[in-house]
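Enquirer: Below are the chains, spelled out letter by letter.
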Amino acid sequence: MKHLKLFLFTLIAGFGLTINAQTADEIIETYLENIGGAESWNKLDGIKLSVKINQGGMEIPAEIVRLKEGKQMVVIDIQGQKVKQNVFDGEVLWNTNMMTQKAEKGTQEAAENMKLEKANFPDPFLNYKDKGYSIELMGKEEIDGTNTFKIKLTKSPMLVDGKKEDNISYYFFDTENFVPIAMQNEIKSGPMKGKMSQITFSDYQEVDGLYFAFSMTQGLKDQPGFSMSVDGVELNPDVDVKAFEYPEDEASEEPKDKN
Amino acid sequence: MKKITIQLVFFLCLVAFSVQAQDDSKINGEAIFGDLTARHIGPALMSGRINDMETHPTNPRIIYAGTAGGGVWKSNDTGTTFNPIFDDYCQSIGAVAVDPNNPDKVIWVGTGETWTRNSVSIGDGLYKSEDGGANWKKYGFEKSERIANIIVNPKNSNEVYVAVLGALWGDSEERGIYKTTDAGATWSKILYTDERTGCADLAMDPSNPNILYASMWEFRRTGWSFESGGNKSALYKSTDGGITWNKIHNGFPEGQLGRLAIAVAPSNPNVLYTVIEAEKDERKGLYRSDDAGESWVQLNNDFGLTVRPFYFSRITIDPKDENVIIKGGLTGSISRDGGKTFKPLGNMHSDIHDVVFDINDSDRIYAGTDGGVYRSWNGGTTMEIVENLPLSQFYHISVDNDEPYNVYGGLQDNGSWYGPSRSTGGINARDWNSIGGGDGFRVLRHPTKNIIYSESQGAGNVWRYDVDNELIKTIQPLPMKGHAKLRFNWNAPMAISKHQPDRFYMGSQFLHKSEDMGNTWEIISPDLTTNNPEKQQQEASGGLSMDNSGAENHTTIFTIVESPFDENIIWVGTDDGNIQITKDGGENWTNTSLDIPGLPKHTWVYHIEASVHDKATAYAVFDGHTMNDMTPYVYRTTDFGKTWTSITTSEITGFARNIQEDYVNPNLLFLGTEFGLYITLDGGKSWSKFTNNVPSVAIHFIDLQKRTNDLVLGTHGRGVIIIDDISPLREISPEVISKKVHFFESKPTVMVDQSGFSGNFGAETQFVGRNPSRVAQIKYLLKKRHTFGKMTMEIQDMDGNKVSTLSPGKSKGINIVNWNYRIKQPKIAKGKTTTGAVSPRAPAGTYKVVLTKGKETYEHSIELVYDANAGLTDGDRADKQDVTMKLYDMTQELAYIVYQIDAILENTGTDNKLGKKMLALKETLVITTGDNYVGSAEPQLRELMTQVFAKIAYSYDSPSPNEMDNLSIIEERFSKAKKDFEKLKSKAKTKSMELQSFEDFLND
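So the protein lines, in turn, are chains G and V.
Each residue of the first sequence is one higher than the last, beginning at 1 in the numbering used here.
Each residue of the second sequence is one higher than the last, beginning at 1 in the numbering used here.
One or more of the hints may lead you astray.
To be verified - Where chain V lies over chain G, by a calculated footprint (3+ residues, C-beta under 8 Å): (1) 78–89; (2) 94–101; (3) 133–146; (4) 178–186; (5) 212–218.
Unchecked claim - Away from chain G, derived, C-beta distances all over 12 Å, residues of chain V: (6) Thr-81; (7) His-446; (8) Arg-785; (9) Thr-846; (10) Val-850.
Hints are computed from structural coordinates only; laboratory data are not their basis.
Here the structure is a predicted model, which means the values were calculated and not measured.
A virtual CB, placed ideally from N, CA and C, is assigned to each residue, including glycine.
All chains should be built: construct the whole structure from the sequences, respecting the hints.
Expert: Put into structure tokens, the structure is as follows:
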């Protein structure tokens, strides 16, 4: 009987602890622990994801590369053509124009904001204080029918139409397993400005001791979006840094059109 | 070991207990609704009532609109477009205030509209956002009902004044002026008169935050009267931050006062304006003080300044010129001579409630009206409407059975309309059709003919519109010999019959019946109301300003329904609390509501829903808010009204107006309240708020479209909101929710052949309503969200061959996965450019859905059917399928050839005879130069093949002779190319190359 009481006490105490005593830092600590441990994540130099973007049954294969020093690119496979989008070499941001198939630079503002993203690698919450980020537990919220902790992540201010603005994301950590199942961002510019975008995460799987969400859905909050499933994750991939460089001389290499 | 066992047993018991505790017949909907999400279809073309406009003190691009029933909207582009920022909270807004010390971050919102017409919504307190509107926190004032102003000290964010107008329908002590000095943590009431008098307007001297001006207003509304004014109405001034207040009436009219407005000129704080509602007409109107309220001079009592003070009482002064002032009103009035003379503002929707000037350029003006927000670029001379504010305020909606079905409804001050539930490119402004003027209320479509009934206020007009022949006739029942004067409600009830298509009912105090669509009327009841003469004194209504618009007509019938089982059973509900039933077509009537447990007497019967499941069953929704009773009252009878049982629970917030019964599952009910939509899955034992894109908006009417199972909400502030296909909710039971995965049954999906052109030029800044999904939807319930491990979904044919891969939803509750009923795209030959990718549709038939979750697999089947509207025979369909798949295979074959050529070329190079020939062949197969736009090269085999492939696969029709002819040319060319390739290939040393097999190539 004594044991029973003790057991009950522990159970209630334990329960009480998880319900009440979570701080933002504890949640993040547990999260990092659950996805492989901060130490292992700190060792990462780069990630290459092989993904399929799926919209209602149409699949587009793509590769996403992100490196520690901020370089990144998305390579979409369209009918065997590898088309690079959202490429950043640390200074220059560029995309491929789908009409001319030639590289075009993004705005300087977008490039400046991309530089800030460097600190997000491999996970914005890893060493977040060193990055100058701050976190705040906003409370609990139900997402996907599931109880979550809503954590506000404030990163370094970003440029919006020439002005510095707060760079805030909301992450929703499942209260059971402490991994984020959704992330929301206020759209900062363009006609959608002011609306919330949302990404949901699922299918967490282990890759060499680290956990990654193998499935993501992205769109406007409360509206259908598109999905992305991950086929493979390569840690510390071997990537030629030239692949990120803006192809300055591409135009001159093009043969003149016969027409 | 023993101890462990005991512990284990105990733990299991505990678990079992907690499971048991949840596992009675109550079902929590919030965890079930999942992907079931609403879509908004507007309309926005007539928009809706605006209560308060607000600018940003330093950024002219930012404008806020606080709306009467549709929440807070923010513009980031100087009023070109707006986005909602307050959807999760009460949508009735009294005041929006930006903290001038921190204007990008801190926004205060006071809920509850303040232009106190009969149909106003209520508020539920004060809110603040500290991050520009992304997150909100409540700061009390739950019972304030209406907040008129919020002013933040421009030098101290912690100091905030809140003017509470307070309850409209009854006594309340939560009124007057409140002040916080700790940013909202604590509040003190600094000016209070009595429980009938609230603060209608508050202003601060821009040069001295300790100087405040407050107008207190004595007012009261009932269901049958309105009273503005009394001895307590007054204008006060404080010079010590609200500690002491003095009346400033020097020069004011004698006698009682009504609603007063107050404004301080930003350019000269000694100049004040007030608009006064007084006893004598000649003493009403605009007054000015040039000595900060010491004395007042009357300047003008034009109609534009004195009209309906309870509805229009806002003065706006040009921030740069104290002699330019605008007064809200029927048209809005502007003076450029310090208030001596006025002219109307430019043409716009009538009833202007608030106006703001741009912070830098006074030529730019924003006006909030009964019909949305208007902008002016020339000082108010011409006005243009903001086109993306879907704030329409429906009193009632109904649907027809067309394809797509139409939604009909009447709007506050915006007539009556109908529009489609789906349209090419989304539901646009131009898709809506006007079907009545004035204030619109009930609109019903004739059950079998293309005839629409609509009405304006008080059944002043009831229109019968023959849509096909464009013929309009007014058919309202007129006074008849031997009967008393007719009393119609402002929102007069009409009803049609399920049994006799031409039958049409209307209710005054009597029930009127017509068997010929309103040409002839007979009265088939005695006075069914209480006929209380005290509630029939509308000509004395208004207080200091008479206001007999008909909006207060009372002791009238409000809702009528004929039983779906028996045309002789008719239920009638009255605004003074009677539920009358006849079982013999009107010969005899019984009042069933004389003694309903828990229901205050004379509570307004807002809606009666006669059950489609049982003749003796009906639901009644009572609305007590006009008696200052905000409790939701919903009752069910199963014995023709002999007894009524409440089916509400404490889970419901806000008084209720309408209930909709599901046609299939009698336990599934939908309830519209002042604060949103509630759903019960267990016959009313428990209710859950539905929030997936349904804001906390007042829902006045709900309909359920029978063919589509779409739940259609008529909201009073956010237009029409539709939840497509609620049928999954019918299957929810304790058994179903305990399953790990449960697939919902669905009707066969029609692969739609119909399409159209959307040509939307010039509509960039317009609101466009979202269309429903028309693709195949796989719907299932997950007991728990899937977060760890792989979960995938495939469509297979019945032999297990993969047809398509889908991304399954992972939510706890209902998941909806879309499949565009197309098979995987064929592999396409690689060229220099890309070509159109053709994904043919899957043929009609049954398909397997295979859901793999971890190690477990769940299967379900869905059915696709062809669109009968296309008029194709089975033979046509088979032809189309054969030719399409032939082209599909050809496309992949060509892709494989090009792959092989590329592989060979890579191996041998082009600097030899074989290489040159291979390259020459390739250049005839795919484009090898140019780009995807105007630099495009001459099309080759791949492009020609794709062209005819797309033409055939994307046509509704079977292949035409012309197309077949074209195909044969391509086939010939392809067959020659294949031969040429084989010849060349035989010369290449392919054995030493690692060429993929055709199958591997396709799966790569």
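Enquirer: Would the non-interface assignment of Val-850 of chain V survive a Cβ cutoff of 12 Å against chain G?
Expert: Given a closest Cβ separation of 14 Å, the condition holds.
Enquirer: Check the non-interface label on His-446 of chain V: least C-beta distance to chain G beyond 12 Å or not.
Expert: holds, 36 Å
Enquirer: Can you tell me if the region 212–218 of chain G counts as covered by chain V, using C-beta to C-beta distances under 8 Å and a minimum of three residues?
Expert: holds (count 3)
Enquirer: Taking 8 Å as the C-beta cutoff, is the stated coverage of the region 178–186 of chain G by chain V satisfied by three or more residues?
Expert: With 3 residues close enough to chain V, the hint holds.
Enquirer: So Thr-846 of chain V supposedly isn't at the interface. Is its beta-carbon more than 12 Å from every beta-carbon in chain G?
Expert: holds, 17 Å
Enquirer: At least three residues with a C-beta closer than 8 Å to a C-beta of chain V: is that true for the region 133–146 of chain G?
Expert: Since three or more residues must qualify, the claim that chain V covers the region 133–146 of chain G holds, with 5 doing so at under 8 Å.
Enquirer: Check whether three or more residues of the region 78–89 of chain G sit with their beta carbon closer than 8 Å to a beta carbon of chain V.
Expert: Holds, because 4 residues of the region 78–89 of chain G bring their Cβ atoms closer than 8 Å to Cβ atoms of chain V.
Enquirer: Does the claim that Arg-785 of chain V lies off the interface hold, with its Cβ farther than 12 Å from every Cβ of chain G?
Expert: Label violated. Min Cβ-Cβ 4 Å, cutoff 12 Å.
Enquirer: Taking a Cβ-to-Cβ distance below 8 Å as contact, does the region 94–101 of chain G have at least three residues touching chain V?
Expert: holds (count 4)
Enquirer: Examine each Cβ of chain G, and state whether all of them lie more than 12 Å from the Cβ of Thr-81 of chain V.
Expert: Thr-81 of chain V is in fact no farther than 12 Å from some Cβ atom of chain G, at 7 Å.
The structure fails hints 6 and 8 (numbered hints given earlier, in ascending order).
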